[in-house]
Structure formats: C-alpha cells, structure tokens
Amino acid sequence: MKSILAVLTVIAVIIALWYAACVPMNIKGVLVEAERAGAEVQPPSAKVRRDMGEIGLIIDNSFAIPATWEQARPRLPAPHQVATELWNTTVGKKITSKRSLIYHGWVTLSATLLGFAIGTGLGILLAVGIVHSRVMDMSVMPWAIVSQTIPIIALAPMIIVVLYSVGVQGIIPKAVISAYLSFFPVVVGMVKGLRSPDHMQLDLLRTYSASQSQGFWKLRLPASMPYLFASLKIGIAASLVGAIVGELPTGAVAGLGARLLAGSYYGQTVQIWSALFAAAILAACLVALLGLIERMVLKRMGIAS
Amino acid sequence: MTTESTTQPVIKARQLDLTFQTNDGPVHALKDVNLDINKGDFVSFIGPSGCGKTTFLRCIAALETPTGGTLSVNGMSADEARRNRAYGYVFQAAGLYPWRTISKNIKLPLEIMGYSKSDQDKRVSEVLELVDLAGFGGKYPWQLSGGMQQRASIARALAFDADLLLMDEPFGALDEIVRDHLNEQLLQLWARTNKTIGFVTHSIPEAVYLSTKIVVMSPRPGRITDVIESPLPKERPLDIRDTPEFIEVAHRVREGLRAGHSDD
Ligand SMILES: Nc1ncnc2c1ncn2[C@@H]1O[C@H](COP(=O)(O)OP(=O)(O)O)[C@@H](O)[C@H]1O
Ligand SMILES: [Mg+2]
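One line per chain: the protein sequences are Z and B, in this order. Going by this note's numbering, the first sequence opens with residue 2, and the numbers climb by one from there. Going by this note's numbering, the second sequence opens with residue 1037, and the numbers climb by one from there.
Treat the hints with caution; some may be incorrect.
Here are the simulated DSS-like pairs of lysine-lysine, each with C-alpha atoms no more than 27 Å apart in a straight line [unchecked claim]:
id	chain 1	residue 1	chain 2	residue 2
1	B	Lys1249	Z	Lys219
2	Z	Lys300	B	Lys1153
3	Z	Lys3	Z	Lys48
4	Z	Lys219	Z	Lys300
5	B	Lys1075	Z	Lys300
6	B	Lys1153	B	Lys1140
7	B	Lys1048	B	Lys1270
8	B	Lys1158	B	Lys1140
9	B	Lys1270	Z	Lys219
10	B	Lys1270	Z	Lys300
11	B	Lys1075	B	Lys1048
12	B	Lys1140	B	Lys1175
13	B	Lys1067	B	Lys1270
14	Z	Lys193	Z	Lys300
15	B	Lys1175	B	Lys1158
16	B	Lys1067	B	Lys1048
17	Z	Lys193	B	Lys1158
18	B	Lys1270	B	Lys1075
19	B	Lys1175	Z	Lys219
20	Z	Lys219	Z	Lys234
21	B	Lys1075	B	Lys1249
22	Z	Lys219	B	Lys1048
23	Z	Lys3	Z	Lys29
24	Z	Lys29	Z	Lys95
No lab work stands behind these hints: they were computed from the structure.
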C-alpha cells in the first residue's frame, strides 16, 4: 500500500513537471496564434517577442497559459493530448485502419519478434561455439564487440540498400537490423552463463568421464538459464529499437517508425509522442512477458523458490 | 595374473612427484611419495594445509598429472582408471545441481554412464537409504541442511559401481556435532559396502576414528612423513575415542605432524 502511494506520487510529480514544461515550450507559438485571433499580446511586436525569454513572456501574458496545453501542433504536447491521441488511435480506430496504432504496432512487433528470434538463435549458437572453441573465442568475440560500436542509425540504411539490391525487402531487412542489435546481449550473457559452472563442477564431470556434449546438456546449458533470460530482456528491447530504426530510412508507410517519421514530416508532435509512448509500452509488455516466462521456467527447473 | 591382481594394492604410488609451474615459480606439491592402499582400507591423509593432500587425491583421480614417479590405480594408470569409472569423488562442497532434485542429482552419474532407467531408480533408493536420506529424494538441494546436502553428494558418489571412494575434506565445512554423526554413518557405510576409501582431513580425532591407515604429510615440499596402521578394531562406537588405544594413536599422529613441522 505504502509503495503504491510512493509510485503514484512519483508519477504525479513527473506529470506535473511535464505540464509545467509545456508552458515555456509552447508559449511563443500560442502568442502568435492568439495575436492572429485578435487578442492583445505583450509586447505587441513579434520581432521583440522572438528575442525575449520565455519566463518573461509567460509573466506578461498569463492569460495564454491554458492554451499552451491545447495547441494543435505544440512543440511539446501535454500529457492529456498524448493520452487522448493514444486512446483515439488504438481503441477508437478499427485495427485495419491505416491510422490505428495497433496496426502500426503490429507491423513493428512482427519484425521485432522475427529479428529477436533470429538474433537469439544466432547469439546462442555463437556462444556455444565460443565456449567450446578457443579459435572461435578469439575470432568471433572481437567482431561481435566491434559490431556494436557502429551506430545502428548509420548502418541501417546500408543494410536496407544492400538487401534491396539483392531483392529482399519488406519485413526481412527490419528483422535483420533487429537481429543485429539483439544477438549481442545474448552472446555475452550466454557465454557468461555457459562458463558459470565452477572448477569443482567441471572436475566432478571429469570424474564420471562425461563427454563434452553431456557436460553441455547436463551442466552448462541449465546453469546458463538465468543468464540467458537476463540477456533476452535486454535483447528484446534492442530488437524493438532495431525494428523501429529499420523503418526510418526506407520511408516505410507502416510501423511505429513510420508514424514517427510521418509525424515529424508534418509537424504532428502529438502523433510523434504517441508513437513513442506506444513503442515504450510495447517494450515494457515484451520485457514483462519475458519476465513471466523466466519465472515459470526457473520455477519448473526448481531454481526459483 | 589372477593371483597377482587379488594381492595387488588398489593404489600403488612410487616416487611420485608433482611440481606446479606457477607465475611465482615452481611449487613442489608432492615429493617422493610412496604408498600402497589395499582393498578395503580406510586411509586418511592428514597434515597442515598446503601439504599436498588434495593434490595427491587428485592425482589418484587423474585430475592432476604427476610430473614424476609411477602411480597405478586398480593395476592401471590413473587416467585409464578414471575412464573406467574406478572411483567416486566427494568434494569439500556438495556441489549439487540446484535445478535437480536430490534423486535427480544422484542420477547424474548414472545417466552419464548409461545405466537403464529402472536400474537408476533402484540404485537411487538404495543409496538414499544408505546415507539415511530416504524420503528426501524429491526435495531440491536448497531445501536440505548442509549436512544432508553433503550426505546426498556421498550418495551420488556411491550410486555407481566403483570400489574406490575418494573424499576431500567432505565434512570440513560442517559443525562438530553433525560431523561426529556423519563420521559414524560413514564407518557403517564403509563396513556395509566394503569399499576402499581415501579420506582427506586435518582433524586428528576424525582421522584416528575413521581410519585403518593414517598417512601423515608435511608441506614444502609435500611429502609423507609417517604411515600409521591403526590397531583399533573395525567396529568403532563413538566412545572409542576415550580409550587408551585411541589416545595413543592420536598422540602418534600429533608427533608425526610436529616432526614434519620442526624440520622446516
Ligand atoms: N592447480 C595448482 N596450481 C598451482 N599450485 C597449486 C595447484 N594446486 C595446488 N597447488 C599448490 O600445491 C600445494 C599443495 O596444495 P594442496 O594439495 O591443495 O594442499 P592441501 O590439500 O594439503 O591443503 C600448495 O602449495 C598449493 O598452493
Ligand atoms: Mg585441500
């Protein structure tokens, strides 16, 4: 009960700060609109106003404050504007509509899941190789690390262009970018997990003359499960980022990335913010879902009490 | 050949030497170790830490390779013996898999060695009985006390057909009362299974209480300073520790340990 109160307080503070921030962010635009509508604005000269500080403008034109939360194209939309837009484009629209966020969310989600599956599979395979072969450890790991130092925003257009030139388009290029981002945490986590059994555990298997594959299936793999799930949670969030980034350079017409892009073309900040929130909510749901699966798996394994 | 193999010691070490190459230079862990362990012996290795007890046990288990001398286990090289699954090894920590129940933990070596499902079940219930853990097979390790976990790990080492049991301070991390109890049980178990046991400890009463043969070692370089054949009977109630014979053996062990110390 007390913790719920604390959480609600934090949320309330964030929302209050957000509303407060809307006032200085939007005041100039609001004054322009008010002047056009015939209201008296201080100071009257638009040129003077442009060089004035926001705080001064707010003090001189306090009548305009409520309007900063109601603009059609604010610099910073107010929380309720974003919430209304989210509601209207999810519950208020048919899923088949091109304006439904559920539809766009699904387009991005499908690429995310495909990329996540590829990235996870690849990550696990690489980790198994790295753990069992010194050559792979020395040759693959550095490249995996280097691969993550290249900004994805620079790499994504190249991946898309290269794939397009060989005739691959649609969901695949997005999934590839998504996989590119998500395989890395899985490799790192799985390598750590597969190496987590200590000397004694490995010696014990040697006293049984266990084969490498027995050691893998009976010791290394089960021991790596908690590490795997920690990585998967990072991986799925990275996958979603990858899928969204993959939608940006193509001028895609569908997907959360496309909504972000279209929003910024047309100055539809409310649309941008609602797409951002939709992405954040989606990521939170995916991570929570993985957390649930983790709890179930570890409980069945007897590790989580 | 047959007559020879019945009389041959289970473990025969001659001029065994092991030097570890470390970053701080070579560490002479074992020097000129000569020892015979016969079938059915209960042999304790005692000495201050760093005298090579663990190293010697690991050599027998082929977990370390000696740098000199010869070592045979069951008449073969230690490595062959390991591949023939000649011994069960009990480490200082129980090392049970947290994701397996006690039964499944005991089945681990049986699965690896390819015992049939029905045989596995039969053996698990047998050894659980043997270490007094019947009824705990379905529990997970974290549900058991430290002493019970260690007994489970002993059961795991007993489950398959190895006549040799190697134990490296298996009760070192347990309190004295639990330890007494486990020592008593271990003796009963030894009597019932007729195994050959190699047991590392640094407790004098423990060594004297358990062993038919006590090997006193001393460090730098690790070597054997005394081998004491115990005059105590095979049947040993806990209060044998108050008898003059017991105290005399304990005294000799203490003397051996002190002698090992005084010459460095
Ligand atoms: N793997 C190893 N590498 C290097 N030195 C080791 C290794 N194992 C043991 N030693 C050294 O060998 C000596 C004997 O160790 P050990 O057999 O563990 O002693 P004990 O079990 O009697 O306490 C010690 O000096 C120890 O530091
Ligand atoms: Mg030791």
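For each hint, the structure was consulted:
1. Restraint check for Lys1249/B and Lys219/Z: not satisfied, since their Cα atoms lie roughly 37 Å apart, outside the 27 Å limit.
2. A hinted pair counts as satisfied when its Cα atoms are at most 27 Å apart, and Lys300/Z with Lys1153/B qualifies at roughly 25 Å.
3. Restraint check: the Cα-Cα separation between Lys3/Z and Lys48/Z comes to about 52 Å, which exceeds 27 Å; the hinted pair is violated.
4. At most 27 Å may separate the alpha-carbon atoms for a hinted pair to count; Lys219/Z and Lys300/Z meet this at roughly 18 Å.
5. About 45 Å separates the Cα atoms of Lys1075/B and Lys300/Z, which puts this hinted pair outside 27 Å; it is violated.
6. With a CA separation close to 12 Å, the supplied pair Lys1153/B and Lys1140/B stays within the 27 Å bound.
7. Using a Cα cut-off of 27 Å, the hinted pair Lys1048/B and Lys1270/B holds, with the two alpha carbons roughly 23 Å apart.
8. Only pairs whose Cα atoms come within 27 Å are accepted, and Lys1158/B paired with Lys1140/B is accepted, the gap being roughly 13 Å.
9. In summary, the hint linking Lys1270/B to Lys219/Z is not supported, as the alpha carbons are separated by about 40 Å, beyond the 27 Å threshold.
10. A distance of roughly 47 Å separates the Cα atoms of Lys1270/B and Lys300/Z; the hinted pair therefore is violated under the 27 Å criterion.
11. With a C-alpha separation of about 11 Å, the suggested pair Lys1075/B and Lys1048/B falls inside the 27 Å cut-off, and the hint holds.
12. Taking the CA atoms of Lys1140/B and Lys1175/B, the gap is near 10 Å; set against the 27 Å cutoff, the hint holds.
13. For the suggested pair Lys1067/B and Lys1270/B, the alpha carbons sit about 32 Å apart, so the restraint of at most 27 Å is broken.
14. This hinted pair checks out: Lys193/Z and Lys300/Z have alpha carbons roughly 21 Å apart, not beyond 27 Å.
15. Restraint check: the Cα-Cα separation between Lys1175/B and Lys1158/B comes to about 18 Å, which is no more than 27 Å; the hinted pair holds.
16. The hinted pair formed by Lys1067/B and Lys1048/B meets the criterion: a straight-line CA distance of about 15 Å does not exceed 27 Å.
17. With a C-alpha separation of about 37 Å, the suggested pair Lys193/Z and Lys1158/B falls outside the 27 Å cut-off, and the hint is violated.
18. At roughly 14 Å between alpha-carbon atoms, Lys1270/B and Lys1075/B fall within 27 Å of each other, so this suggested pair holds.
19. Only pairs whose Cα atoms come within 27 Å are accepted, and Lys1175/B paired with Lys219/Z is accepted, the gap being roughly 19 Å.
20. Our distance criterion of 27 Å between C-alpha atoms is met by Lys219/Z and Lys234/Z, whose separation comes to about 24 Å.
21. A C-alpha spacing of about 12 Å is found between Lys1075/B and Lys1249/B, which places the hinted pair at or below 27 Å, so the restraint holds.
22. Between Lys219/Z and Lys1048/B the alpha-carbon distance is near 34 Å, which puts this suggested pair outside the 27 Å criterion.
23. With a C-alpha separation of about 41 Å, the suggested pairing of Lys3/Z with Lys29/Z is violated against the 27 Å cut-off.
24. As the CA atoms of Lys29/Z and Lys95/Z are separated by approximately 37 Å, the hinted pair breaks the 27 Å bound.
When each numbered hint is compared with the structure, violations occur for hints 1, 3, 5, 9, 10, 13, 17, 22, 23 and 24.
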